[in-house]
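J.: For chain A, the structure is supplied; the task is to place chain B on it using the hints.
The listed protein sequences derive, respectively, from chains A and B. Residues 7 to 424 in my numbering are what the first sequence spells out, letter by letter. Residues 7 to 424 in my numbering are what the second sequence spells out, letter by letter.
Hint data in this document are derived by calculation from the structure and do not stem from the laboratory. Fair warning: there could be bad hints in the mix.
[To be verified] Reference listing, derived: stretches of chain B covered by chain A, where coverage requires no fewer than 3 residues with Cβ under 8 Å from a Cβ of chain A:
hint	region
1	65–79
2	108–117
3	308–314
[Said to hold, decoys possible] Partial selection, computed: residues in chain B whose CB lies under 7 Å from chain A:
hint	residue
4	44
5	125
6	156
7	178
8	203
9	213
10	218
11	374
12	376
13	410
[Said to hold, decoys possible] Here are some chain B residues the structure puts well away from chain A; computed CB gaps all over 12 Å:
hint	residue
14	40
15	275
16	298
17	302
18	337
19	347
20	348
21	364
Just so we're clear, the structure is a prediction, and the values are computed from it rather than from any experiment. Each residue gets a CB set at the ideal place from its N, CA and C atoms; glycine is no exception.
Number of protein chains: 2
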Amino acid sequence: MRMAVDGSGGLAGRARVEDALAWIDAHAPPLGREEVPVADAAGRVLCEDVLAEADLPPFDRAAVDGIAVRADETVGASTYNPLLLRLAAGGAGDLAAGTAVRVCAGDPLPRGADAVVPLDHVEAGEEGACAVIEPAVGGNEVERAGSLGARGSILLAAMRQLRPGDIGALAAAGRARVAVVGRPRVRCVLSGAVAEAGTPPAPGAVHDGNGPMLRSLIERDGGVGAELRRVERKREALRAALEPPGVDIVLVAGGTGRGGNDHAAAALAEAGELAIDGVALRPGATAGIGRTKAGVPVLLLPGTPAACLCAYELIAGRAIRRLGGRNPALPLVSRTMTAARKIVSEIGVTEVVPVRCANRAEVEPMPSFAAAGLRAVTEADGFVVVPEGSEGYQRGAMVTVYLYDDRAASSEPAHARS
Amino acid sequence: MRMAVDGSGGLAGRARVEDALAWIDAHAPPLGREEVPVADAAGRVLCEDVLAEADLPPFDRAAVDGIAVRADETVGASTYNPLLLRLAAGGAGDLAAGTAVRVCAGDPLPRGADAVVPLDHVEAGEEGACAVIEPAVGGNEVERAGSLGARGSILLAAMRQLRPGDIGALAAAGRARVAVVGRPRVRCVLSGAVAEAGTPPAPGAVHDGNGPMLRSLIERDGGVGAELRRVERKREALRAALEPPGVDIVLVAGGTGRGGNDHAAAALAEAGELAIDGVALRPGATAGIGRTKAGVPVLLLPGTPAACLCAYELIAGRAIRRLGGRNPALPLVSRTMTAARKIVSEIGVTEVVPVRCANRAEVEPMPSFAAAGLRAVTEADGFVVVPEGSEGYQRGAMVTVYLYDDRAASSEPAHARS
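Looking at chain A on its own, in the form it has when it is part of the complex:
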């Protein structure tokens, strides 16, 4: 076992979190394009602008069921002053003065009509007539030609992460496929002896929490097929696992640090470049970053589960989101809340402090990840990141909180089994 010999008594030799993020931003560009069916594209990121291929809709059409009218003929209509209109047959002709045409939502407006009066504002009149009881202004309940997009206009811009409504808009525009940024293919290398789930661990082995945890984080961030590869805690085995074909990024969990059985950093240095060896982050100080000779980014994460999680959230996840073209910021809700108790941190270290919502406006720090491990993760509502230049926050200070579930602090009462 090698002992620390720098004598710095701290984290002076370690990179700052912002240096780690800058390295990622420089070395994890969006992957190449692929075409996917629109119906499967939710959450994917457009790699080019999507233009409207025609006016959308191609004609002025009714937005609701009702009667198509000339808006100026409805002025003054009310329940006390129902305005009578003749019901004309629909079709290609113009709407004659004093007439209306029944339309269903989506029907083209007859020429001359400029508004639709919804059925709620229409009373049945005598045969062949009806009465309008609310005035309509021009354009009322009309979906204008080109209002969803004039031909050639940008429907959705490059780098947009597609939401459900976007999928609806693309499909409604007749698009069958879209070009999106590829999904990063991730290998997770798990170092060390692991006990089978559902059985008691042998001495020296532990149940692995990191593999399943990383896989769900990677899926959240748009990665695909997170392959879990368990390897012996030896340098040669680790090094061999770092150069898989057909993978866009490698995460290594465990074997970081300076213990006698920690070989991840040395293996990465041999496999290519160890750009960052240790980060001034707590928990997560043994994280490392580099790349293989082929240029594949490799992120080294501590084996301790809570530290692994924090190093993923603060550092590694950004690389996966960047490769997939997503917004690189942490995909958790951030809220400005009041510290209900003092939050202490060591200067020179970026510290991740688990917190619990005391109420909708206040958070209080919990026992640290170092002390409480994953229990802090399961019991916390979120965390506060104290930057390296800060010693923490006084009681009453406003702090930025990242929440695991926004609705923990929302107004809707906590849900209960009905």
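T.: Coordinates of chain B only, in the frame set by chain A:
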């Protein structure tokens, strides 16, 4: 075509949104349990408490690489006053006074030790000795036996929606499988003629945006296998489509309303019960709710895409989240922001108003969904829900905004292709 004859001139005959939600809460209880591998359980909802089967961890262990010490022997240590300790061999024996034992993260603490000094705070001494340069307090960098969960204690409570960290905690605790609420199996019935994507629509047909949009919404809300079933716009066809075997909930898009070709409500009434026919919601007023004779909830959604989306978000989505045991609240981030312009709404109607973030603190209303259709959805950063008792908000009022992407209003600069 049947004309409205109630003469109410408005939405008086329609249910309130809160009545629709109350119906859902009463008729969409969580589905039965199923067992799934922990590694596949992210996002699923526990249907029973998960207890720790043993103390976790089973012994006090080192949280980091370092030396195990008696904390009281490190008092006063500093770079100016390094405290020398003899390095003893690890093992089962007690830690003798004046000695330390090298430990790797995860190693059990030797008896008598109560803290771990991380390697950063240790200098190499002469052969067989080392020097501590920072004091440690008792418990420092020690993961206590049972700190993740005492045997028999609740690790995670029933109805918890599992986060990545929870997956890590369950796997680290040796759990292989967990019992979760089933995922709702959804059928989407799409009524009306539909043009093939990638080809121009025939007269009278449109490209369907609702099917793909609903499928991505249903997946977001935990539903599974959203089957898209296209049926003719006829009552018999609709009715037959409402009673599929092996489905937990049916959504119908289109054929609502009072047009001559709108048969969804009548079909549902025949198939079982039409509990709510029309909701005082804009857009989305033609939404309906009921259930089949077998008790399967059926949600009727307008065919106009923007109205379909709003009725899903405000009403139908809640049913899917409830069936899956999730928090029923809308899974979008809500923020209190300032209205940069007046927001107008009709009293008596719950109105969904698309908004754009003017900056981090302010939103402004956009052209309505009725006017702008799905364009409002793609261009909006989110929406404001004006309750039925309100006529809207004055400029400068504080409003609750539901955001499609929280980071639209976050401090990190918008991401750009690197």
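J.: Now tell me if each hint is right for this structure.
T.: Do the hints match the structure? See the list:
1. 65–79: It holds, with 3 qualifying residues against the three required.
2. 108–117: holds (count 4)
3. 308–314: holds (count 5)
4. 44: Check passed: Cβ of residue 44 (chain B) comes within 6 Å of chain A, closer than 7 Å.
5. 125: 4 Å, holds
6. 156: Hint on residue 156 (chain B): violated, closest Cβ of chain A at ~11 Å, above 7 Å.
7. 178: 3 Å, holds
8. 203: Cβ of residue 203 (chain B) sits 4 Å from chain A, so the hint holds.
9. 213: This hint holds: residue 213 (chain B) lies near chain A, its Cβ roughly 4 Å from the closest one there, short of 7 Å.
10. 218: 4 Å, holds
11. 374: Violated, about 10 Å.
12. 376: Constraint on residue 376 (chain B) satisfied, holds at 5 Å.
13. 410: 5 Å, holds
14. 40: Given that every Cβ of chain A is farther than 12 Å from that of residue 40 (chain B), nearest at about 16 Å, it holds.
15. 275: 19 Å, holds
16. 298: 20 Å, holds
17. 302: 17 Å, holds
18. 337: 8 Å, violated
19. 347: With a cut-off of 12 Å, residue 347 (chain B) remains clear of chain A, as the shortest Cβ separation is near 19 Å.
20. 348: 17 Å, holds
21. 364: Consistent with the label, residue 364 (chain B) stays out of reach of chain A, its closest Cβ about 18 Å off (over 12 Å).
Hints 6, 11 and 18 from the earlier list are contradicted by this structure; the remaining hints agree with it.
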